[in-house]
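Visitor: Sequence:
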Amino acid sequence: MTKEGSAFGGITNADRDIAAMRVPSYSAWLLRPLAFVALATLLPMADLAVLSADAADIASAPSLADLPDFDVNTETYRIDPFIRAAVAMQSLGPSAALNELRAMAHTESNAARISVLCRMLFTPKADSTLRPPFLGAPVFLDGTIRLTSTTTWPLEPIEIVDGVPFLIVKGYELAGLPENAEAYLRHCEENGEWSSVRYSKKTEKQKSDALEKLLASPLWKAPLGSSERAFLRDQLQ
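Under this note's numbering, think of the first position of the sequence shown as 480, with each following residue one higher.
Quick caveat, the hints were computed from the structure, so don't treat them as lab data. C-beta: ideal position from N, C-alpha, C; glycine also. Worth double-checking, as some hints may not be accurate.
Claimed, not checked - Calculated lysine to aspartate or glutamate pairs in the DMTMM-like style (CA-CA distance at most 20 Å, straight line):
id, residue 1, residue 2
1, 680, 713
2, 700, 652
3, 649, 691
4, 649, 554
5, 649, 635
Claimed, not checked - Distance ranges between label pairs, derived from CB positions:
id, residue 1, residue 2, range
6, 630, 672, 18 to 26 Å
7, 696, 665, 28 to 36 Å
8, 578, 709, 34 to 42 Å
9, 709, 673, 28 to 36 Å
10, 701, 552, 18 to 26 Å
Start from the sequences and build out the full structure, keeping to the hints where you can.
Guide: See below:
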């Protein structure tokens, strides 16, 4: 095979062919960092970090194992796992997400964890309402107990502030069996529709700001004590 050029820089026709075949792949790799640089000029670094985290969160569908089981001990509730689950569900689309929710509810005896996701992902139909799950008489952080069907908190057992879902009950008084997860999901499917509100990963400051708004809410019937404030603050961890 004859070389063209010097002994150090010479190339063959075969070399040219190989180089030509490689051009598209090299171009693709060169364009990717350029596209990221262009995006970086439009978004602040904090937003880019959130975008990267969101992309990781939606890589796979959530499972019950990803969510803290706060049914027995409400102090184990944490915000971030539920936000991640909601982001992942919304990335699937309503139909696929409903299938995932049904599969999760089928293996869950209590509606506690499923009810949080339902409250985040469903909104009432125009001619209907979405009730809280039948888990018992909720004992709210301000010490009040709901004994009637009317609730002060429209998304009980949580309150969503700027996309941050806080658990606002510290337990339930129950005589009998709580509603199971499949029954409550069925209620939400029949009386609700997929929410247009989009969730995203929150920074520590965003969560802290949301907490301050919740603490100042006029819906509390009595001022929260230090232990109740700590209960809410621990949910940010």
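Visitor: Each of the hints needs a verdict: does it hold here or not?
Guide: Each hint, compared with the structure:
{"no.": "1", "hint": "680 / 713", "in the structure": "17 Å, holds"}
{"no.": "2", "hint": "700 / 652", "in the structure": "19 Å, holds"}
{"no.": "3", "hint": "649 / 691", "in the structure": "19 Å, holds"}
{"no.": "4", "hint": "649 / 554", "in the structure": "8 Å, holds"}
{"no.": "5", "hint": "649 / 635", "in the structure": "12 Å, holds"}
{"no.": "6", "hint": "630 / 672: 18 to 26 Å", "in the structure": "21 Å, holds"}
{"no.": "7", "hint": "696 / 665: 28 to 36 Å", "in the structure": "31 Å, holds"}
{"no.": "8", "hint": "578 / 709: 34 to 42 Å", "in the structure": "38 Å, holds"}
{"no.": "9", "hint": "709 / 673: 28 to 36 Å", "in the structure": "35 Å, holds"}
{"no.": "10", "hint": "701 / 552: 18 to 26 Å", "in the structure": "23 Å, holds"}
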